[in-house]
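Protein chains: 2
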Amino acid sequence: MMKGKVVHLGLFGLGMVGGGIVELLSRKKGKKDHHKFILEKIVVKHLDKERSVPVPSHLLTTDPREILANPEIDTVVEVMGGISPAKEIILEALKRGKNVITANKAVLARAGSEIFKQALDSDCYLGVRASNIATYRLIESLIFSPFQFEKLIGVFNGTCNYILTEMEKRGEDFSPILKKAQEIGYAEQNPSDDIDGYDTAHKLIVLLGLALGYFPPLDSLFMEGIRRISHQDILFAKELGYRIKLLAVARREDNELEARIHPALLPWGRGLAGLDGIENGIELRDEVGVEIGMQAPGAGKYPTATAILEDLVSVAQGRKLIYPQPKRYLTLKRMGQIKTKYYLRFNALDEAGVLAKISGVLGDHNISIKSVLQKGENKKPPGVVPVIMLTHQAKEDDIQSALRKIDNLRVVKGKSLLIRVEQGIL
Amino acid sequence: MMKGKVVHLGLFGLGMVGGGIVELLSRKKGKKDHHKFILEKIVVKHLDKERSVPVPSHLLTTDPREILANPEIDTVVEVMGGISPAKEIILEALKRGKNVITANKAVLARAGSEIFKQALDSDCYLGVRASNIATYRLIESLIFSPFQFEKLIGVFNGTCNYILTEMEKRGEDFSPILKKAQEIGYAEQNPSDDIDGYDTAHKLIVLLGLALGYFPPLDSLFMEGIRRISHQDILFAKELGYRIKLLAVARREDNELEARIHPALLPWGRGLAGLDGIENGIELRDEVGVEIGMQAPGAGKYPTATAILEDLVSVAQGRKLIYPQPKRYLTLKRMGQIKTKYYLRFNALDEAGVLAKISGVLGDHNISIKSVLQKGENKKPPGVVPVIMLTHQAKEDDIQSALRKIDNLRVVKGKSLLIRVEQGIL
Numbered sequence: 001m002m003k004g005k006v007v008h009l010g011l012f013g014l015g016m017v018g019g020g021i022v023e024l025l026s027r028k029k030g031k032k033d034h035h036k037f038i039l040e041k042i043v044v045k046h047l048d049k050e051r052s053v054p055v056p057s058h059l060l061t062t063d064p065r066e067i068l069a070n071p072e073i074d075t076v077v078e079v080m081g082g083i084s085p086a087k088e089i090i091l092e093a094l095k096r097g098k099n100v101i102t103a104n105k106a107v108l109a110r111a112g113s114e115i116f117k118q119a120l121d122s123d124c125y126l127g128v129r130a131s132n133i134a135t136y137r138l139i140e141s142l143i144f145s146p147f148q149f150e151k152l153i154g155v156f157n158g159t160c161n162y163i164l165t166e167m168e169k170r171g172e173d174f175s176p177i178l179k180k181a182q183e184i185g186y187a188e189q190n191p192s193d194d195i196d197g198y199d200t201a202h203k204l205i206v207l208l209g210l211a212l213g214y215f216p217p218l219d220s221l222f223m224e225g226i227r228r229i230s231h232q233d234i235l236f237a238k239e240l241g242y243r244i245k246l247l248a249v250a251r252r253e254d255n256e257l258e259a260r261i262h263p264a265l266l267p268w269g270r271g272l273a274g275l276d277g278i279e280n281g282i283e284l285r286d287e288v289g290v291e292i293g294m295q296a297p298g299a300g301k302y303p304t305a306t307a308i309l310e311d312l313v314s315v316a317q318g319r320k321l322i323y324p325q326p327k328r329y330l331t332l333k334r335m336g337q338i339k340t341k342y343y344l345r346f347n348a349l350d351e352a353g354v355l356a357k358i359s360g361v362l363g364d365h366n367i368s369i370k371s372v373l374q375k376g377e378n379k380k381p382p383g384v385v386p387v388i389m390l391t392h393q394a395k396e397d398d399i400q401s402a403l404r405k406i407d408n409l410r411v412v413k414g415k416s417l418l419i420r421v422e423q424g425i426l
Numbered sequence: 001m002m003k004g005k006v007v008h009l010g011l012f013g014l015g016m017v018g019g020g021i022v023e024l025l026s027r028k029k030g031k032k033d034h035h036k037f038i039l040e041k042i043v044v045k046h047l048d049k050e051r052s053v054p055v056p057s058h059l060l061t062t063d064p065r066e067i068l069a070n071p072e073i074d075t076v077v078e079v080m081g082g083i084s085p086a087k088e089i090i091l092e093a094l095k096r097g098k099n100v101i102t103a104n105k106a107v108l109a110r111a112g113s114e115i116f117k118q119a120l121d122s123d124c125y126l127g128v129r130a131s132n133i134a135t136y137r138l139i140e141s142l143i144f145s146p147f148q149f150e151k152l153i154g155v156f157n158g159t160c161n162y163i164l165t166e167m168e169k170r171g172e173d174f175s176p177i178l179k180k181a182q183e184i185g186y187a188e189q190n191p192s193d194d195i196d197g198y199d200t201a202h203k204l205i206v207l208l209g210l211a212l213g214y215f216p217p218l219d220s221l222f223m224e225g226i227r228r229i230s231h232q233d234i235l236f237a238k239e240l241g242y243r244i245k246l247l248a249v250a251r252r253e254d255n256e257l258e259a260r261i262h263p264a265l266l267p268w269g270r271g272l273a274g275l276d277g278i279e280n281g282i283e284l285r286d287e288v289g290v291e292i293g294m295q296a297p298g299a300g301k302y303p304t305a306t307a308i309l310e311d312l313v314s315v316a317q318g319r320k321l322i323y324p325q326p327k328r329y330l331t332l333k334r335m336g337q338i339k340t341k342y343y344l345r346f347n348a349l350d351e352a353g354v355l356a357k358i359s360g361v362l363g364d365h366n367i368s369i370k371s372v373l374q375k376g377e378n379k380k381p382p383g384v385v386p387v388i389m390l391t392h393q394a395k396e397d398d399i400q401s402a403l404r405k406i407d408n409l410r411v412v413k414g415k416s417l418l419i420r421v422e423q424g425i426l
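The listed protein sequences correspond, in order, to chains P and X.
If you're matching positions, the first sequence starts at 1 in our numbering and goes up one per residue.
If you're matching positions, the second sequence starts at 1 in our numbering and goes up one per residue.
Hint data in this document are derived by calculation from the structure and do not stem from the laboratory.
A hint or two may mislead.
No copy is singled out in the list; a pair is fine if it fits within one copy or between any two copies.
To be verified - Simulated crosslink set (DSS-like; lysine-lysine; CA at most 25 Å straight-line):
#: 1; residue 1: Lys395; residue 2: Lys117
#: 2; residue 1: Lys370; residue 2: Lys341
#: 3; residue 1: Lys117; residue 2: Lys36
#: 4; residue 1: Lys320; residue 2: Lys5
#: 5; residue 1: Lys333; residue 2: Lys95
#: 6; residue 1: Lys301; residue 2: Lys413
#: 7; residue 1: Lys333; residue 2: Lys375
#: 8; residue 1: Lys36; residue 2: Lys320
#: 9; residue 1: Lys87; residue 2: Lys301
#: 10; residue 1: Lys339; residue 2: Lys5
#: 11; residue 1: Lys179; residue 2: Lys49
#: 12; residue 1: Lys180; residue 2: Lys301
#: 13; residue 1: Lys36; residue 2: Lys169
#: 14; residue 1: Lys301; residue 2: Lys151
#: 15; residue 1: Lys339; residue 2: Lys179
#: 16; residue 1: Lys375; residue 2: Lys5
#: 17; residue 1: Lys341; residue 2: Lys45
#: 18; residue 1: Lys117; residue 2: Lys45
#: 19; residue 1: Lys339; residue 2: Lys301
#: 20; residue 1: Lys36; residue 2: Lys238
#: 21; residue 1: Lys413; residue 2: Lys5
#: 22; residue 1: Lys117; residue 2: Lys179
#: 23; residue 1: Lys320; residue 2: Lys238
#: 24; residue 1: Lys87; residue 2: Lys238
#: 25; residue 1: Lys415; residue 2: Lys320
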């Protein structure tokens, strides 16, 4: 019913995702027969590496110019990863009038404005579905909707969610579970990108860029990973009716944008709190209160390759790039100004008057306590017990000052832990 | 960044949704300023009815030709509802080269092929997002994906979900809860469309039509509503670890399609089983195992009007209709051939040997029992107790024959109840 079109492809990268794309392109699908995708060239790092899919050797090259300078190639698929030279390749391809499809959230998070501007200037299609595979199905709605989003929360990192789920399930702390995750390939040898929140931040920035036309600078976002979460905290949270997730939170109020990534307590039993293992999910509410939730895989060969293929169909269809009018007037809220609820864990001496001292400091900082959980004696150090408090809504600056004071109290040992508490949307 | 375009609109219907559209169109949105939507005419039934939004009287007419025959109007929005004359208006508008945006799932479920064919023949945009507001964000992915869906389950009717949730919460039976739902406007005075499954069937048919290019005929679908579900069944299901939902189920295997609507037990604690009140949701898995879930409102002024506005932006963007190559070779599986698990409730005499007799008949029909729940004595009729059985996977034909035999046993009183048991996908 749609008119068939021939798309001539240049592929950068032949790892897991690149291999998946080659595999999919070679599979004939009835419903796609009217479009034809011809893979003209693949740029790889090493010509003689063993591949998971059979690829004729004449397709392989190590020279990017064999794609970029070839006028026959109208569409570039970039799945090589990394910042450089991926960024330069994407921009160069667009400048030469080629459509670009990329899975590279790290590049988009850092150079999204520049890349989208170039795509619009060159009147090229820029496909970024694969950069946010768990959420891209909502993006068009975010752009097309007459209503702007008001709040979104997301679990965007499968590695963190897997680690937190396993910590809960096995009753172990962060380090041994991370090690196991590395052994089975669910975490990288250098896991920082995932567990310190960068990957989540990249995805949130791309999402905001697509929804608002504004890519907040990576280093302006508050970002805290999951390294400090203990198995104990997971248990305490559970006792209080919550589950701990690494959460991306964004909230828009008029022209002010709040965007942050950190572990958070979410109420048990609904929505994102229910995500287990490597699953990803998002919940969002727009300014008239319409609420949507979505769960989908956040990584993997087929999900990613599928997202790329969907963008290829868009190219074949002659789709124009959709992109909102940039909102350059948006300002990013300073973290100290945000208001939320808090889970606080203090390591306190097991003696009379401790609660009064801690809650006195909190009171002095306008922080009111919702509930207190005081647990039996800890093993080490002796005489020290964990005291857990849930606060009512408070200002981040106030909490941070209060914690500095509390950590200096004689009756408190070691650094106190703070985890923010968020409401699910659904 | 996108070039602005002027769209001239004709609106059919000025009820809740129509009023919402008028309201939204009158709100200026920064990100939509580059497109202009001019409402030229509104066809209503009664000129002098009181409206929730102020509309200049010169815009109103009762004569459809004032829109259809006006060459200035390039886009028709149909939110009048009902089958006729909505169907004729949609087809006539398309024949005259006008884009059509409709929320009318009842018409699409009955005449989807004809309407899509006309839109393609006339090279017009046909926007149907508002006909499936809980799921339309996934539709494009269903069409664009290189993989076909393998299974989907959905909770598509807010009225039924509200009634089932309230039955559970209040411990009351179907009839009094329906009455309350009618009083607060969550159920129609004639509730059959919702509670007997028609609305769910319409949405499933449209979804399948968009995903597969094949709109299964409404009367070929197995459809069973929620009238026979008792509060007792909800309790028994809970005891067994399940929750009862009115479910749409579709499964595609090669060229065979299974599509059915009926109450179903879903395992507690995840996905659609967690939907409360008027919420809608869907879960689906494609042929390579990628799983997606989505929750969203299934009705309401703003969600529906928003979906319409998103289609209007598509029109302004010059989007072409996307529609899969029709799969006319699909065959619909006969209900008797499906295989699933079953919850069976028998009203049995409270005497020795009853279980043996019932399970004997089941065994004769190749149905094996997974678990049995026998409850204390019922109030009425005296001496009769409910016996609940969960079966392993069995064939629908076998279950139906077995139930006919069992209902004729001396020890069984009244008609036994069967509820199918489905696995959630997520």
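Quick rundown of the hints versus the structure:
Taking identical chains as interchangeable, the C-alpha atoms of lysine 395 and lysine 117 are never at most 25 Å apart, the minima being 37 Å within one chain and 58 Å between chains. Only within a single protomer do lysine 370 and lysine 341 lie at most 25 Å apart by alpha-carbon distance; the minimum there is 9 Å, versus 46 Å between protomers. Taking the shortest alpha-carbon separations for lysine 117 and lysine 36, only the inter-copy value of 24 Å comes in at or below 25 Å, while the best intra-copy value is 29 Å. Proximity of lysine 320 and lysine 5 under a CA criterion of 25 Å is satisfied in both settings, with 15 Å inside one chain copy and 15 Å between copies.
In the homo-oligomer, the alpha carbons of lysine 333 and lysine 95 never lie at most 25 Å apart, since the shortest distance is 35 Å inside one protomer and 52 Å across protomers. For a Cα distance limit of 25 Å, the shortest separation of lysine 301 from lysine 413 qualifies neither inside one copy, at 47 Å, nor across copies, at 55 Å. Within a single copy, lysine 333 and lysine 375 get their C-alpha atoms no closer than 36 Å, and across copies no closer than 59 Å, so neither meets the 25 Å cut-off. Taking the shortest Cα distances, lysine 36 and lysine 320 sit within 25 Å of each other both inside one copy (19 Å) and across copies (19 Å).
In this assembly of identical chains, lysine 87 and lysine 301 lie within 25 Å of each other by CA distance solely inside one copy; the values are 22 Å within and 44 Å between copies. Taking identical chains as interchangeable, the C-alpha atoms of lysine 339 and lysine 5 are never at most 25 Å apart, the minima being 52 Å within one chain and 41 Å between chains. Taking the closest pair of Cα atoms, lysine 179 and lysine 49 never come within 25 Å of each other, the shortest separation being 28 Å inside a single copy and 69 Å across copies. When the C-alpha separation of lysine 180 and lysine 301 is checked against a cutoff of 25 Å, the pair qualifies only within one copy, where the shortest distance is 22 Å, while the shortest distance between copies is 50 Å.
In this assembly of identical chains, lysine 36 and lysine 169 lie within 25 Å of each other by CA distance neither inside one copy nor across copies; the values are 47 Å within and 55 Å between. Taking identical chains as interchangeable, the C-alpha atoms of lysine 301 and lysine 151 lie at most 25 Å apart only when they sit on different chains, with a minimum of 20 Å there against 30 Å within one chain. Proximity of lysine 339 to lysine 179 under the C-alpha cut-off of 25 Å is found in neither arrangement, the shortest distances being 35 Å within a copy and 43 Å between copies. Taking the shortest alpha-carbon separations for lysine 375 and lysine 5, neither the intra-copy value of 67 Å nor the inter-copy value of 65 Å comes in at or below 25 Å.
Neither within a single protomer nor between protomers do lysine 341 and lysine 45 lie at most 25 Å apart by alpha-carbon distance, with minima of 49 Å and 52 Å respectively. For the homomeric pair lysine 117 and lysine 45, neither the shortest alpha-carbon distance inside one copy (29 Å) nor that between copies (48 Å) is at most 25 Å. In the homo-oligomer, the alpha carbons of lysine 339 and lysine 301 never lie at most 25 Å apart, since the shortest distance is 39 Å inside one protomer and 31 Å across protomers. Within a single copy, lysine 36 and lysine 238 get their C-alpha atoms no closer than 53 Å, and across copies no closer than 51 Å, so neither meets the 25 Å cut-off.
With identical chains, the CA atoms of lysine 413 and lysine 5 are never at most 25 Å apart, being 68 Å at best within one copy and 65 Å at best between copies. Taking the shortest Cα distances, lysine 117 and lysine 179 never come within 25 Å of each other, neither inside one copy (42 Å) nor across copies (57 Å). In this assembly of identical chains, the alpha carbons of lysine 320 and lysine 238 never lie at most 25 Å apart, being 48 Å within a copy and 50 Å across copies at closest. For the homomeric pair lysine 87 and lysine 238, neither the shortest alpha-carbon distance inside one copy (43 Å) nor that between copies (54 Å) is at most 25 Å.
When the C-alpha separation of lysine 415 and lysine 320 is checked against a cutoff of 25 Å, the pair qualifies neither within a copy, at 53 Å, nor between copies, at 59 Å.
Comparing the model with each earlier hint shows violations of hints 1, 5, 6, 7, 10, 11, 13, 15, 16, 17, 18, 19, 20, 21, 22, 23, 24 and 25; every other hint is respected.
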